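*Asks:* For reference, the chains in residue letters:
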Amino acid sequence: MESQVSKPASASHDFLMEKRGNRRALKDLLAKIGVTVGGIMVFVALLLIFFYLLYVIKPVFDAAKVTPLSSIPVVADSKTLMVGTDEQNEIIYRASEQGSVDFYRIANTSKQTMQLPIPAGAKVVSSAASVPNQQLFALGLDNGQALLAGVNFSVSYPDNKRLITPGLRYPMGEPLIAVAEDGAPLQQLVFAYSSSKVSFAYRGNQQQWFLTRLDGEQNMLTEETEWQHHSKLLPNTPALVEHQLLTPDQRQLMLQSGNKVFIYDISDIDDVSLMQVLDLERNKAKVSNISLLAGASSLLVSYNTGVVAQYFQVAGEHGRLYQFIREFKGLGNIEVLASEYYRKSFATVSEDGRLELLYTTSERELFSKKFDLTKPVAMGFSPRANALVVLADDKLQLLGVSNAHPEVSWSALWNKVWYEGYPEPQYVWQSTSGSDDFEAKLSLMPLAFGTIKAAFYAMIFAVPLAIAGAIYTAYFMSAKVRSLVKPTIEIMEALPTVILGFLAGLWLAPLIEDHLPGLLILLILLPVTILLTAFIWSKLPVRIKLLLPETYQELLLIPVICFFGWLSFAISPSIELWLFHGDTRQFITNTLGMSFDQRNALVVGIAMGFAVIPTIFSIAEDAIFSVPRHLSNGSLALGATRWQTLTRVVLLTASPGIFSAVMMGLGRAVGETMIVLMATGNTAIMDWSIFQGMRTLAANIAVEMPESAIGSSHYRVLFLAAFVLFVFTFFFNTIAEVVRQRLRERYSSL
Amino acid sequence: MGKWFKSGAPWIWMTGGAVSISLIAVLGLLLLIAWRGLSYFWPATIYQWQMQDENGKPYTLIGEIHDREQVPTERLVAAGHHFAANPGEFVNRFLVKTGNREFVSLDFRWILQTDIVSRSAPVGVAMIERSQNGNFYGYPVAIVEAGQRLPAQGDIADTLQQYIQRAVGLNKQAEQLQKQDIGSVNYDLERLRLKGRKYELDNALTAERQAELAQQRQQLQQKYQVLEKQLFSLREQAGRDAVIVKDMRGQEVTLPLDTVLDVSYVNGMGFWQKLTTWCVRIGHFVSDDPREANTEGGVFPAIFGTVFMVLLMAIIVTPFGVIAAIYLHEYARKGILTKIIRIAVINLAGVPSIVYGVFGLGFFVYMVGGSIDKLFYPEALPSPTFGSPGVIWSALTLAILTLPVVIVSTEEGLSRIPSAIRQGSLALGATKAETLWRIVIPMASPAIMTGLILAVARAAGEVAPLMLVGVVKLAPNLPVDMNFPFVHLERKFMHLGFHIYDVGFQSPNVEAARPLVYATSFLLVTVIVALNLTAISVRNHLREKYRSLEN
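Chains as they are written, first to last, in the working numbering: chain A, 1 to 750; chain B, 1 to 551.
In short, the hints are calculated from the structure, not lab data. Treat the hints loosely; a few may be bogus.
Calculated cross-link-like contacts (lysine to any residue; reagent style SDA-like; alpha-carbon spacing at most 25 Å) [what the hints assert, rightly or not]: (1) LYS473(B) <-> PRO706(A); (2) LYS179(B) <-> PHE484(B); (3) LYS339(B) <-> TYR747(A); (4) LYS480(A) <-> THR534(B); (5) LYS32(A) <-> LEU337(B).
As the structure is a computational prediction, the values presented were derived from the model and not from experiment.
Go ahead and model the full structure; you've got the sequences and the hints to work with.
*Replies:* The following block contains the structure:
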């Protein structure tokens, strides 16, 4: 846009300053300031969109932060079994292997000790801790009894102030449980608890392993639980068990001996069997510990080479077997390892006090720093995963952890990820589910794929029609008809897409499903008919041709196409009967072996194609129409036919304009929401099949955004999806716009 | 032939074909929507079929034909249907709307041509429109007044009409009472509660104030009890009578009149009568509230919501858009930066609308709205006032969405004005501001107007961003009502576009709702096409007006 206004000369300013010009000059100045400020504000506001999206997305990729909060000296009289905190991180506890629990208030470092009632004469021979979120532990005694207890924090509000009181709880009613009937010592005890079922596994007198299960049944009258006792000797146990684990669902028992883990199926106490012997051998490293990840379907194995490997069950030929999945290297000489309550994070502390925070599925190393944590003994996450308690160097240290979005990483978003329970690494988008121990699967790949697929089919449909239409309208059509046709097609652009989507989903989709052969015929019949009509027209005597004024010659095709369109749909049932036994859908699913959705890519392609046609048509038409006339006139004058002139001169000149039209159309197809939302089944699958649906980025945002919690990973990833759309369309539109402006300059120079 | 091919004529015809297909698609689409949308209101003939099923059992069906199609016999046989005689390759199938939802399991059913014994259109059969359970088809037999069956005396059509009108009138009164009077009492009670809570938060809840609030509350409650009594008595009166109707099973069914909205004997109507009914139904459609999970009744709240939101948006977008365009064209220094800004603004028009929705939800609703709540409405927390989607946030989001449209259009208008005019004005001693205000802006007004209308048309049709920032399927209150402060910008609202999506795809009875969706679509298309045509004609008109200046 050319410059129009030259500034008023300063002389006029002087003139204005005199007399009542003062006020006018002031007004002029105010207007200038007002407009400038206002204008800049508007552009800043538009810029804000970009930066706000970034601002919301950024925390997802931030590394975790760990800061030491407080440290309490501990005089350890016996070995530590587990450490942890309450939900508010106000009280730290330390349970010892001898059954005493120390509670430390962080605010005033006061200590309170509670002791489990160990019967006189009995000795503690082993101890075990539950999965972190249960906060339970058990002591095995030498008389065949076990003590099962948990830490408990009760909250009360005296004087409107929160007061947390620590205590011990006995989940089975009584602390003391008879486990071994023969009174053998419970060595290497391990247990798992649920409100109706408790399992203990232990090594008895010889190298024999026993499993004891207590099935609870609530008495209707007294509301007390009565426990049924079952015991079983485990078959094929290894000789020297170093570590033992019992999954909280009480289905599997794992005994680790050397570089082997013996995994037993214990879901049925009467049918206990060795399920698998898992070889943990990796690069000749020695296994130093095994533990369970949150959700307890994964086994974490730490090696003395500073490696932690993850194993979980994968369905294969021989059933669901544990298998090596991934490993994390360079973690130093790992002394302790703790996993979070609910998410798949875990932390390790090495001998020299280096703390590492890692997330399994996203394979992210979230944090790594050396703290004053030498000789670590025990570690535990706080219930809300916002703190870590480490017992090291005779000090209980509380470290604040801010780790909001460990499950998202660039590789988890765009690469295949091997999730628990999946047979292989896959791209999965599954943000929510009914169950609690569900892990959100946030791969943007299926959505990006769906977006591209939808846009691709729409472009296949729209580009030929729109460009051919634009060529004809701009180059061959008479001015009078053009002035009618162009606005008519352009008005389609203003048509709300919700209407197109509704028609596509409720009218077009069933129609196409019923008349698939008809559509196929139409595809073949249409070009043939047009050519035939043209040929007949060219052979008609001039006398008849004159009956239709040349201006309206183009419109001759409309009734013809209408008729053949109707015809191909009308004969569709007969064709279907003849070729596909009366049911094309069955034919596609059974004979061709493709699955068929009623709302599929074909429907989306057609519907979105219609939405895109006016965009492409309008810009391409402008580009062709504004090709300087003298170019085509020159070509015609040299004896070229109209078609030759078009293809060799006009289209060549206008090609950048057509390119930018296609880019604009693509931008629109990528971001279109309502049509895709309504005309597909919105399943996030990755399949190019034309008879299947897809889930696009935009539709996904529309569906899931209202339900996502503010600030959650899901919320931020949806923002990321919006940002991707934003950048993508902005990029294509910019290319298109720059090309268009260049072209305009070139035309004006021609 | 070869020569003909060489001339390129076939290809020209092919491109012509592309135009024709596009034209057919556009016009066909508009016609389809118009036809389906408008025929929904036309009183359809009510047929009575004598049917016989596969096993030879006869039954009667009363209803309207909703749809028809041809099914290959082979498919039906494969599905397990037995035909007494070979019906040929295809069988006609009708979708019949039988209504009477509470007495039959399906209010829509497919019947085969082969099962039909006879079909008639009896004059005496009536379509009874109800506020619950959809339409009822049957023969009105008698009227029950206050539990007494009135003796039949000739034609009961007129009497029935009178009774229905009485009940409808009472119902209307009751509704008005409930919505306006009782609604405002409830509103005041809620405000009192918030006032009390605010005092509490400010530590200013003295015993005196407490007593005052309690007294006010008691007054309101007394008022409420009086109104409630009135409401119940109105409802009781409306429910006094009933009508006995013989349905297609041949049973007499008693329908209480307080659920009946209208009765029409469609089969006895002449053309003009049908036309009148058609117009009346369209009137009801645009002025009534929706019923039965939006699948029946009108779309007035959706129309109101759409218009209100769009107006609000227009008020916000116009000044900002115009100022930005003026700055860009008149004040900003020409250079690479303005060029970049210009391209960026044009591109923003192509950014997917859902992105604006996401921005609006995060920035306006949660960030700005949440802050407003904390600052000004702490008494209502944790339930949000402005911190949840609402009409103001929708308007703001759409204002940002349509800002590029207004800026681009206005700037185009500004660049059309010859610089000679500006220079002339400046030469005569006018300041730049005066030139702008007196000369440039009036001349650019057609462009501004066009931009605004295009923005409004775009905003009226947008649904995706609104789903995030303020639209709901059923809003209990309009954003404007008689309760202080009269305009409630924080409320959620209904929208025609979302109504289409919601009723067409989320409603439990899609078959019943589909015609309504077509009608709503037609309404929306009409509004938007009209707005676009207005934009074009306003542009042309004003351009003519200033043409003399341009030369």
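*Asks:* Can the restraint linking LYS473(B) and PRO706(A) be considered satisfied, given a maximum Cα separation of 25 Å?
*Replies:* 14 Å, holds
*Asks:* For the pair supplied as a hint, LYS32(A) and LEU337(B), confirm whether the alpha-carbon distance does not exceed 25 Å.
*Replies:* Holds, at about 19 Å.
*Asks:* Is it true that the CA of LYS480(A) sits at most 25 Å from the CA of THR534(B)?
*Replies:* Answer holds: LYS480(A) to THR534(B) is near 21 Å, not above 25 Å.
*Asks:* Need the status of pair LYS339(B), TYR747(A): alpha-carbon distance at most 25 Å?
*Replies:* Given pair LYS339(B), TYR747(A) holds - Cα atoms ~19 Å apart, limit 25 Å.
*Asks:* Is LYS179(B) close enough to PHE484(B), meaning Cα to Cα at most 25 Å?
*Replies:* 15 Å, holds
The earlier numbered hints are all upheld by this structure, with none contradicted.
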